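If you read the sequences in order, they're chains G and F. 15 is the number that UniProt numbering gives to position 15 of the first sequence; each next residue is one higher, with no gaps. 91 is the number that UniProt numbering gives to position 91 of the second sequence; each next residue is one higher, with no gaps.
Any given hint could turn out to be false.
Ranges of calculated distance between the beta carbons of each label pair, as one might list FRET restraints [as the list claims (entries may be wrong)]: (1) F:Leu129 to G:Ala40: 40 to 46 angstroms; (2) G:Leu8 to F:Gln48: 28 to 34 angstroms; (3) F:Ala5 to G:Pro129: 36 to 42 angstroms.
Examples of chain G residues lying across from chain F (beta carbon under 10 angstroms, computed) [said to hold, decoys possible]: (4) Leu15; (5) Ile18; (6) Gly22; (7) Leu23; (8) Ser27; (9) Phe36; (10) Tyr37; (11) Ala38; (12) Gly46; (13) Glu48; (14) Ala52; (15) Gly56; (16) Ala92; (17) Pro93; (18) Tyr137.
Since the hints were derived computationally from the structure, they do not count as laboratory data. In this text the structure is predicted, and so the values were computed from the model without any measurement. Glycine is no exception: its CB is placed at the ideal position from the N, C-alpha and C atoms.
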Amino acid sequence: MKAKHQRLILALAALVAIIGAGLLAVSALKDEAAYFYAPADVKAKGVEPGKAIRLGGMVVGGSLKRAADGVTIRFDVTDGKATVPAMFSGIAPDLFKEGSGVVAEGSFDAKGTFIATNLLAKHDERYMPRELEGMNYNASTHEMKAEQ
Amino acid sequence: MHRFANPARFLKIARPLTGWLFWPGLALILVGGACGLFVTPADYLQGQTVRILYIHVPAAWLGMGGWTGIAVAALMQLVWRHPLAAIAGRAIAAPGALFTAICLMTGSIWGRPTWGTWWEWDGRMTSMLVLLFLYLGYIALANASARDGQAGGVSNVTAIFGLVGAINIPIINRSVVWWNSLHQGPSITLRGSSIAMDLLWPLGLTLLGFSLWFGAIVLMRMRTILAQNKVEARMQRLARG
Numbered sequence: 001m002k003a004k005h006q007r008l009i010l011a012l013a014a015l016v017a018i019i020g021a022g023l024l025a026v027s028a029l030k031d032e033a034a035y036f037y038a039p040a041d042v043k044a045k046g047v048e049p050g051k052a053i054r055l056g057g058m059v060v061g062g063s064l065k066r067a068a069d070g071v072t073i074r075f076d077v078t079d080g081k082a083t084v085p086a087m088f089s090g091i092a093p094d095l096f097k098e099g100s101g102v103v104a105e106g107s108f109d110a111k112g113t114f115i116a117t118n119l120l121a122k123h124d125e126r127y128m129p130r131e132l133e134g135m136n137y138n139a140s141t142h143e144m145k146a147e148q
Numbered sequence: 001m002h003r004f005a006n007p008a009r010f011l012k013i014a015r016p017l018t019g020w021l022f023w024p025g026l027a028l029i030l031v032g033g034a035c036g037l038f039v040t041p042a043d044y045l046q047g048q049t050v051r052i053l054y055i056h057v058p059a060a061w062l063g064m065g066g067w068t069g070i071a072v073a074a075l076m077q078l079v080w081r082h083p084l085a086a087i088a089g090r091a092i093a094a095p096g097a098l099f100t101a102i103c104l105m106t107g108s109i110w111g112r113p114t115w116g117t118w119w120e121w122d123g124r125m126t127s128m129l130v131l132l133f134l135y136l137g138y139i140a141l142a143n144a145s146a147r148d149g150q151a152g153g154v155s156n157v158t159a160i161f162g163l164v165g166a167i168n169i170p171i172i173n174r175s176v177v178w179w180n181s182l183h184q185g186p187s188i189t190l191r192g193s194s195i196a197m198d199l200l201w202p203l204g205l206t207l208l209g210f211s212l213w214f215g216a217i218v219l220m221r222m223r224t225i226l227a228q229n230k231v232e233a234r235m236q237r238l239a240r241g
């Protein structure tokens, strides 16, 4: 066996070890590295009231209500499996709207309403001109079809 | 590849190739950038803000591509002892770090009007910042070892660092799939693109243009290092008399 081949095998073995270690670390981080809790996580694990977390999901269509003071809004956040009510006082980002993604920072009150201190808008991976808006989108194939 | 172990043979090809990469690259960047700014329609959701895409995506691609290049060069240096590999790794580091920084900056500028924040510690942003720090570490290691007569290349320790750091590349790529994140999921996958064709085509131009440019910068830097080596060798001969 030539020295070159020895080095190649050594380098490949080291590479496999590094990738293995990296994947192990990443899978251990699976929960800790999540940027926000989805409503289903909240329902499954339970988050005690008052604990500062981020809650992420979609704003349920038709759930957005503006209070009389003009700056307080109430809306429901869903991930398709569970839905949580949320409340926020302040200026929401432009992209925050019904049917769109949201990441809210804050904590739950005793009644299970999420009191947000800050709202971030999360948009999906689609980019398109206004003319194409409203077409049916399949997230797994990236295909767009005109509405029937 | 060992045909290019001889620097003279490498230079004979690298010299004209630099121009062939640089000028078409620049033209593609300008044309793609202008089309992205003035020709394509605004996004349905983000409006005009979406146009920063045409710089942000190529910068991200080259920041990650640069480190992939460093890892390949490191492997060639450690296993085949290719004399140009160490020089290539060193030449890639600075433009790679630059494009990573551009990606982070344009992303931050883009995040403020769309997400409502300059910076958040989500998986994608954090792993990209780690990539920038890896580049800075690599450059520091390469500078420290070059003084020990590594002929303008990088030491084996630096190469090993380049190889180990490559683990971050798949992590960046998968960060928006593995973890909940503020950054949206991948738009362009093997199955297709969720960027409508009307908005997508200038991205192809800038992506190719910046890539050609990156290649030109790397070749220029490799030629500079080789020229410095030559000067160094001549000075040493003169000093010996």
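Against the structure, the hints:
1. F:Leu129 to G:Ala40: 40 to 46 angstroms: violated, 29 angstroms
2. G:Leu8 to F:Gln48: 28 to 34 angstroms: violated, 51 angstroms
3. F:Ala5 to G:Pro129: 36 to 42 angstroms: violated, 52 angstroms
4. Leu15: Since chain F brings a Cβ to about 7 angstroms from G:Leu15, closer than 10 angstroms, the hint holds.
5. Ile18: It holds, given that the least Cβ distance between G:Ile18 and chain F is near 5 angstroms, below 10 angstroms.
6. Gly22: holds, 4 angstroms
7. Leu23: holds, 9 angstroms
8. Ser27: holds, 9 angstroms
9. Phe36: OK, holds: G:Phe36 within 10 angstroms of chain F, min 5 angstroms.
10. Tyr37: At about 8 angstroms, which falls below the 10 angstroms cut-off, the nearest Cβ of chain F leaves the hint on G:Tyr37 intact, so it holds.
11. Ala38: holds, 7 angstroms
12. Gly46: violated, 18 angstroms
13. Glu48: violated, 20 angstroms
14. Ala52: violated, 14 angstroms
15. Gly56: Cβ of G:Gly56 sits 6 angstroms from chain F, so the hint holds.
16. Ala92: With a closest approach of 8 angstroms, the G:Ala92 hint holds.
17. Pro93: Check passed: Cβ of G:Pro93 comes within 3 angstroms of chain F, closer than 10 angstroms.
18. Tyr137: holds, 7 angstroms
Violated hints, in rising order: 1, 2, 3, 12, 13 and 14; the structure is consistent with all others.
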